[in-house]
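When you get a sec, could you build the whole thing from the sequences and use the hints?
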Amino acid sequence: MGDHGPAQGFGRWLFTTNHKDIGSMYLWFSFAMFLMGGVFALVIRAELFQPGLQLVEPEFFNQMTTMHGLVMVFGAVMPAFVGLANWLIPMMVGAPDMALPRMNNWSFWILPFAFALLTSTLFMEGGGPNFGWTFYAPLSTTYAPPSVTYFIFAVHIMGASSIMGSINIIATILNMRAPGMTLMKMPLFVWTWLITAYLLIAVMPVLAGCVTMMLMDIHFGTSFFNAAGGGDPVLFQHVFWFFGHPEVYIMILPAFGIVSAIIPTFARKPLFGYASMVYATASIAFLSFIVWAHHMFTVGMPIAGELFFMYATMLIAVPTGVKVFNWITTMFRGSMSFETPMLFSIAFVILFTIGGFSGLMLAIAPADFQYHDTYFVVAHFHYVLVPGAIFSIFAAVYYWLPKWCGNMYDERLGKAHFWLSFVGLNVTFFPMHFVGLAGMPRRIPDYALQFADFNQIASMGAFLFGFSQVFFLFIVIKTIRGGKQATDEVWESPEGLEWTIPSPAPYHTFTTPPAVK
Amino acid sequence: MLFFSKRPTVKSLLSVKPFVVFPLLALSSQAFAKSSEVVAGEAQRWGMNMPQGVTATSHEIYDLHMLIFMICVWIGVVVFGVMFYSMIMHRKSAGAVPSKFHESTLVELAWTIIPAIILVAMAVPATSTLIKIYDTSDADIDIKVVGYQWKWQYEYLGEEVSFFSNLTTPQDEIYGRVPKGEHYLLEVDEPVVIPINKKVRFLITANDVIHAWWVPALAVKRDAIPGYINDVWTIVDEPGIYRGQCAELCGKAHGFMPIVVHAMEEVDYQQWLDTKKVEAEELKLAMSQSFSMDDLYARGEKVYQTNCVACHGPAGAGGVGPSLIGSSITTGPMNGHLSLMINGVQGSAMQAFGEQLNNIDMAAVITYKRNAWGNNMGDMLQPVDVLNHKRSL
Amino acid sequence: MKSSASIKSIVIRLLLVTVGMFGFGFALVPLYDMFCDITGLNGKTNAEAFIPLADLIDTSREVTVQFVATNNDYMPWEFKPQVFKMKVHPGEEIETTFYAKNPSSKAMMAQAIPSVSPSRAASYFLKTECFCFNQQQLAAGEAIDMPLKFIVDRDLPGNVSTITLSYTLFDITNGGAITGDSLAIR
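Chains as they are written, first to last, in the numbering used here: chain A, 708 to 1224; chain B, 72 to 464; chain C, 167 to 352.
Simulated from the structure, these hints should not be mistaken for laboratory data. Note that the structure is a prediction, hence the values are computed from the model and not measured. Possibly wrong hints are sitting among the right ones.
Only pairs whose alpha carbons sit at most 30 Å apart, straight line, appear in this in silico DSS-like list of lysine-lysine [to be verified]:
| hint | chain 1 | residue 1 | chain 2 | residue 2 |
| --- | --- | --- | --- | --- |
| 1 | B | Lys269 | C | Lys246 |
| 2 | B | Lys347 | B | Lys269 |
| 3 | A | Lys1185 | B | Lys163 |
| 4 | B | Lys163 | A | Lys1191 |
| 5 | B | Lys269 | B | Lys203 |
| 6 | B | Lys348 | B | Lys461 |
| 7 | B | Lys373 | B | Lys323 |
| 8 | C | Lys253 | B | Lys347 |
| 9 | C | Lys174 | A | Lys1224 |
| 10 | B | Lys355 | C | Lys251 |
| 11 | C | Lys246 | B | Lys347 |
| 12 | B | Lys348 | B | Lys373 |
| 13 | B | Lys461 | B | Lys347 |
| 14 | C | Lys272 | B | Lys355 |
| 15 | B | Lys347 | C | Lys267 |
| 16 | C | Lys251 | C | Lys315 |
| 17 | C | Lys251 | B | Lys461 |
| 18 | B | Lys270 | B | Lys348 |
| 19 | B | Lys163 | A | Lys892 |
| 20 | B | Lys461 | C | Lys267 |
| 21 | B | Lys348 | B | Lys269 |
| 22 | C | Lys253 | B | Lys203 |
| 23 | B | Lys355 | B | Lys373 |
| 24 | B | Lys251 | B | Lys373 |
| 25 | B | Lys203 | C | Lys251 |
| 26 | B | Lys269 | C | Lys253 |
Here it is, written out as structure tokens:
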């Protein structure tokens, strides 16, 4: 690789193998998907603003809940983390680029096709996928709309993209570290991504197998999930959640890494318990493989199974607790300031912990009989995913954007974005705990009158949260186009190799490996 | 803490009851039931906690829920307390100088072990409750519950009593053309009736996709899975009407298949059961009678509004299903129409109604469809024709 | 920084893991069946005839066996147990029948899928002969009494006093699984 800059025009983006270009494309793509998934969510919340059917028919409502889930999980959160990995991992480990730059280009460019395919189903006869993002058989097989085949291929492509991305990340981390950068010296973001990438390689193929079995059931007369032919619809749920539970950790582990980078910078104190953070992440990843059936407490498992999955799930609270305690102890007796990335990180710690509490409540199998498939569950996973994954991504963008484009964002606007999002999020999702406990099932387009008040509040919060993100887009574009010049360090003595290079980061960095002491 | 405000609400609700009861004792029991429900409906409006329910299990689950919740609240108070303390005291703007410490084996060990102990304390009551929930032995009454897209069927095993339970909320209420009733979306034509203080076992399965049978007041939720049977049980303490909903996404009308459980004194239950049996006998008799066009038309309209309207629309103009106005079926040969109704259309949303509708309702709804909305075929079908048709097949 | 050869070897290993995990997804199918056989998960019972080894009858104990019949979607057959409920001694071989009638105007194939509740009793409910072992074919209008022979294992846990055997009847005239044709209609 020479010292030349980027190619010109559209070809630069189409053929690029530069980790920074690909990282940017991932991030922009993910933001576009975030807005699209957000629009789907707003359709849902608008319909639920009051009881009765006002705006959409139930068939379309079900397509909206399904597409919202799929687009947010596979289109917004995962590509955003891969984008951050692309930008940051080579800079953090002192590598010139990813290990497999050509594959990196492919793994990004197949994504837009996957989502074009998925979105196009909405315009097909019979409509798009309407069986929820968990697509339980036989609703998603025997009773699915014809577009299910396109859905299956879209999932295959997304899976291939994730697997290629993960292989690349593992190869980069294991092979491309600068001399002296031992594993236990790596920043936590690199560590959490390494573990996440292994999780992805372990479970995305299982998801691919799962949808392949669906495809065979639908088109080739097999009976994997069809009771009539000796199959079993419950088997579907086991296979799906064997993928699905690690998947939710895939969406949160990189967030742990981001927050572990930001909190020490703004507490001006080294991260507390680095080693225990690594071990906790690894334990969470391991536990994620043996808790899947806690999503299925009501299918009628034998009591032994029920108890096993309850105990295993409760255990997750231990390593997760260790992480939260570590972050708080990092803040303790530090010297804190509250710039936008720190605000998002603090909100992450508080709100993710609240999501963890409701998760612990859900782990209690007998109580889960009351919570299962209600809005309490919806509140729970939005509390871990929105302030968890999404807030950490915002925090990361504010934290590293000055390094990427060389300009400081407008701190006032950033804080305004934070407070709008924070208020919007809580107004949206906190009341969902209440309606869920009071008995409102999830995935319904219309509801009984006693749930009306909190739903109305939640809908108003959702619109506030949604429009705040357009404001975020404005802030990012404004920062890229100009603003106060960022220093090379950007923040007050942050840790990490990425702060030793100039701002904005040159097109090629670490062409000669840095020395790590 | 917002959760707490529910407690006084529950109490005030309970304390209101006697006041309502006394003046109303003189009135009919129906009026009482109605007014106490209105009170309940009002109190539920801002409901934010799990209902305590009316069974020993539901109370136990409620207590468990509150226990875990309170533990979480206290952990939250401590953890967030420390966090806010440092955010206030250790600010750079307040001149805080950062310490340098970054590990402590003792502390890290402590906050691994203490949560583990708390978890064990949570697991003990949870396990004991779960074991009780799983003990389905020695039931007094067995009721088979079958989930259909989108209604429930109840079959009292060994009693020859079986019926479907359909949503009765009119389309006009759903689409906001008329004000919504008190039990909007939570009302059915035939509730499942059970006696109080008896162990009732529900055998739950499904006809098509996975549904879930859930009544919060009973703390019973179990998936209804085609091909598999699940069992759950309940012993209800107080008579009353308890409402729930399907809790597993099952397609278009997932939000429109409520569950209503009517728990009554055992005497009343026996009476109800006997009436149902007599009804079943009468129905058998009526199968051999002839009805006038007007009778069939009127009955058929009701059957249509319950079973067909969701797909074919209130005026037969279609929706999810095809329009019935002047269609080749409704204005075609009678036998073809009847066969289609009995067998359904495989691979479409048109179900086989042969088992779901009795011969009278079948005859009535077909007569209605052939004469309503300007179809004016002028022909009609008697229950005995339906029977003969089924036999001749 | 290591050589491109070691990158290659990592990539190859990771691709093998990927392929392996894809296979593992499919391996979950037999693993799950095995697991169900052992634990009685889902109330699955034996799919092939059980051959009794010794016919010792435990007359000191009585267990209630209930029979339940359910039709799956689009299944127009009349289908019901001839006897709804019986008391049996563990170890005793019992025979009963289910009635089925095809009221439609065409020949149809059906498959009955058994399920036992409570599920912990499933592995103790042993069928020596069952119509569910085979597909049933009935001509238009034909009726049949389908036989079932079973033994309740003497080792049935003491706290099980009632066993419910449920059959769901599926229409498999068109090969059982739903085909692309029917999807097209949807």
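Here's how the hints hold up against the structure:
| no. | hint | in the structure |
| --- | --- | --- |
| 1 | B:Lys269 / C:Lys246 | holds (27 Å) |
| 2 | B:Lys347 / B:Lys269 | holds (19 Å) |
| 3 | A:Lys1185 / B:Lys163 | holds (29 Å) |
| 4 | B:Lys163 / A:Lys1191 | holds (23 Å) |
| 5 | B:Lys269 / B:Lys203 | holds (16 Å) |
| 6 | B:Lys348 / B:Lys461 | holds (23 Å) |
| 7 | B:Lys373 / B:Lys323 | holds (22 Å) |
| 8 | C:Lys253 / B:Lys347 | holds (27 Å) |
| 9 | C:Lys174 / A:Lys1224 | holds (28 Å) |
| 10 | B:Lys355 / C:Lys251 | holds (24 Å) |
| 11 | C:Lys246 / B:Lys347 | holds (20 Å) |
| 12 | B:Lys348 / B:Lys373 | holds (22 Å) |
| 13 | B:Lys461 / B:Lys347 | holds (25 Å) |
| 14 | C:Lys272 / B:Lys355 | holds (27 Å) |
| 15 | B:Lys347 / C:Lys267 | holds (26 Å) |
| 16 | C:Lys251 / C:Lys315 | holds (14 Å) |
| 17 | C:Lys251 / B:Lys461 | holds (28 Å) |
| 18 | B:Lys270 / B:Lys348 | holds (22 Å) |
| 19 | B:Lys163 / A:Lys892 | holds (28 Å) |
| 20 | B:Lys461 / C:Lys267 | holds (11 Å) |
| 21 | B:Lys348 / B:Lys269 | holds (20 Å) |
| 22 | C:Lys253 / B:Lys203 | holds (25 Å) |
| 23 | B:Lys355 / B:Lys373 | holds (20 Å) |
| 24 | B:Lys251 / B:Lys373 | holds (20 Å) |
| 25 | B:Lys203 / C:Lys251 | holds (25 Å) |
| 26 | B:Lys269 / C:Lys253 | holds (21 Å) |
In terms of the numbered hints stated before, the structure departs from none.
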